[in-house]
Structure formats: structure tokens, C-alpha cells
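Protein chains in written order, with this note's numbering: chain A, 5 to 202; chain B, 5 to 202.
A couple of the hints might just be wrong.
Note that identical chains are pooled: a pair holds if it fits in a single copy or bridges any two copies.
To be verified - Below, in silico cross-link-like pairs of lysine-lysine (BS3-like), each with a Cα-Cα straight-line distance of 25 Å or less:
no.: 1; residue 1: 27; residue 2: 100
no.: 2; residue 1: 27; residue 2: 57
no.: 3; residue 1: 165; residue 2: 127
no.: 4; residue 1: 55; residue 2: 127
no.: 5; residue 1: 100; residue 2: 129
no.: 6; residue 1: 127; residue 2: 100
No wet-lab data here; the hints were simulated from the structure.
Being a predicted model, the structure only gives us computed values, none of them experimental.
2 protein chains.
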Amino acid sequence: MTQPEPLTRLIEELQRLPGVGRKSAQRLAFHILRAPREDADRLCQAVQDVKEKVTYCSVCNNITDIDPCAYCTDEGRDRRLICVVEEPQNVIGIEKTRDFRGAYHVLMGAISPLQGIGPDDLKIKGLLARVEQGGVEEVILATNPNVEGEATAIYLARLLKPLGVRVTRIAMGVPVGSDLEYADEITVHKAMEGRREM
Amino acid sequence: MTQPEPLTRLIEELQRLPGVGRKSAQRLAFHILRAPREDADRLCQAVQDVKEKVTYCSVCNNITDIDPCAYCTDEGRDRRLICVVEEPQNVIGIEKTRDFRGAYHVLMGAISPLQGIGPDDLKIKGLLARVEQGGVEEVILATNPNVEGEATAIYLARLLKPLGVRVTRIAMGVPVGSDLEYADEITVHKAMEGRREM
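Kindly produce the complete structure, drawing on both the sequences and the hints.
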């Protein structure tokens, strides 16, 4: 295959991105090739800016371009409530609901023995320090509803409860708008277990 | 949503790429954010190199980093045969079969009145000039098997035949490895029409 070397290299680089296979990488590369030079420049500038300007909040580990982040300094937010999530993108997901007005703590992952990620690889110390400082009434564990997230939640609950703080876990059940028929048994089990009085 | 501006901008830029929706753009942006700085730099360098070093062959319009391209200068290729395709990526698709050893001509699109693309927007003049120069025995029209590709093929055949060259069209039919049950009626019609003696 006689293909210009720079194009081959771009396809290779694009393939390193998550969810981008050989075919998509090729399509993206050809798009970049045909698109105006300014588009390519703007994309690169955006990539560089993210690498240069975005850091992690020293309080909650969320991504931010100011430290501490806007969530940690916003006086309108209730700092008695800390919502613990695995990744910065989870914060975005929760913010979209617009009904959580507390603070966050990003763990930067979940306990996963299979991937060799232990508690020491997560930002747990900072969370404990925040609770120990006082003023926190409830820690909501919003780690993922999977094995790793659940293990992390159990581990954190064990550390947090002795500090005298209320520890809660987000509800697991059948997703809204879905059909019971398509829910897996563990989800249905969780939904039954977590049933509420109407 | 309090999200660092550079991240929002990167997500926006990524969303401009074909086949990248809001969710994928977000996933890609977070990946870039977490990945090592060198990865981001290498990606940007690859994008810049493609924009700077890759041009179009002055003979066949295929993408290349040398002009004329490797296909047009390769003495091992049979220049009596020209395979006409819509886009440079189609050349890669045909090369993969490893059984075409002729030359190429890239039209840079197909006639599409709906998208306002007429014959004058395509690289047709160069193709006619190559045939008029002599030495070409067959032009294989490998434009896409859809309305635009078919219209383009018919249009080209009308221009090429008077020049005394053999004009052929790639076969349309049911794809190998597929199931007749899932083939649409036009494809089946084409497959029946193009049937061959066994």
C-alpha cells in the first residue's frame, strides 16, 4: 500500500484514541486532510490548551483551570455534602441533573485488583482529611454500579463511618425509560432490594 | 456545568470531526487530558505534518507526499489501465485486494445535484487529457455503487467512449460472505442482471 508516510502516521496516532478503530482513524485522517488548515490548527490548539491549562483541583481532584476549582470555592454550594465519584467526567454527569448542590471528591479511579489498582492508587487520603476537618455531614458514594465501584464504595464506607459521618450509596435499579424485560437479573435484584414505599 | 473552558473547547473541536458525537468527543477529550503530554504532542505533530506534507498528485489527484505520486511513477504498473475512483481512500481499498496493477484517477467526489456538485467540480478534465494523450486502453469506472457514483459513471462513459477507449464499470451484486436474505432488492436486481456463466 503506497500511502504518504505522514498520513499513515496520523492514522496510527488517531487509532491510539479510545474507541477509534482502524476504519474510523482512516476516516478521521482523510477528513483532517481535506478540511481547511485553520480547522486542523484549531484542533491542535485546543489539544495543547487542555494539556497546558487544565489541572486537577488540590481539594477535590476534579479537573479545573483554577485551583481550588469552582465547585470547591462556590459559596452557593453546600459543603456539608460530599459526593464521591470515580472520574472527573462523572461530575459532569451529576451536574447535568441540576439537583445536587453539594461538593465533590474525585477518586481518580476505582479499586480493581485485576487492573492492579489498590486503595493507595486512589485519592482517598484527601477525602478522609476533608471529613476529619469537620463540617461534613454526609458522604454520598456515587462510584460506578459495577464490581469495582461497589468494592470501592464498601472500602470507603468502612473508613468513613468511624469518622462519625453519614455514608450513603446511590440507588441501583432499573433505568428510567427502559423495559424490565431487558434488565439483567442483578439489576432487577437491586431494584427489588431497593424498593420504596409508594 | 462548571467545566474548564479549554476542555469545553476541545470537546467542541472534536465534535466537528465526522462520526464524533457529543459523548465520544467528551470521552476523547478526557482521554487526551489524562494521557501523557508526549501523546498529545505526537498527535498534533501528525495532524500538522499531514496538512503540511501531504498534497495531491498533479497527474491522478491521489494524495501523496511526492509529485507525481508513487502510483503514477511506478514502472511496474500498467498505465494502459486507469481505474477511476471518487476519493483517495478508495485507492487504498482497491490496493488492498492486491490484484489491480494499473494506474488510478481520483475524481475528488461524484456528481450530486442535491449537494450542488456538478461535473465541473470534479477532476474530469485531467482524466480526459490522460486518455487523449494516448496509450490508455481501458478505463475502469470504480465510482461508488450508489446514485451519485452511478450518475458519474454514466457521465464519464459518455465522454470517454468517443475517445476510442474501452470503458468498464465494476460489478454490482451481493457482497461476498453476506446472506441473500439481507440484501436489498436493488442489489439483488443488480446481482441477477450481472449473472455469469458457471
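### Task
State whether the alpha carbon distance between residue 27 and residue 57 is at most 25 Å within one copy, between copies, both, or neither.
between (32 Å within a copy, 22 Å between copies)
### Task
Using 25 Å as the alpha carbon limit, work out where residue 100 and residue 129 are close: within a copy, between copies, both or neither.
neither (28 Å within a copy, 54 Å between copies)
### Query
For the identical chains here, do residue 127 and residue 100 meet the 25 Å Cα criterion within one copy, between copies, both, or neither?
within (24 Å within a copy, 49 Å between copies)
### Message
I want to check one pair: residue 55 and residue 127. Are their C-alpha atoms no more than 25 Å apart within a copy, between two copies, both, or neither?
### Response
For residue 55 and residue 127, the Cα distance is within 25 Å only inside one copy (21 Å; across copies 41 Å).
### Query
Given identical chains, is residue 165 near residue 127, meaning Cα to Cα at most 25 Å, within a copy, between copies, both, or neither?
Within one copy, since 18 Å is at most 25 Å while 72 Å is not.
### Message
My question is about residue 27 and residue 100: at a cut-off of 25 Å on alpha-carbon distance, are they close within one copy, between copies, both, or neither?
### Response
Between. Shortest inter-copy distance 13 Å satisfies the 25 Å Cα cut-off; intra-copy 33 Å does not.
Hint violations for this structure: number 5 only, all remaining hints satisfied.
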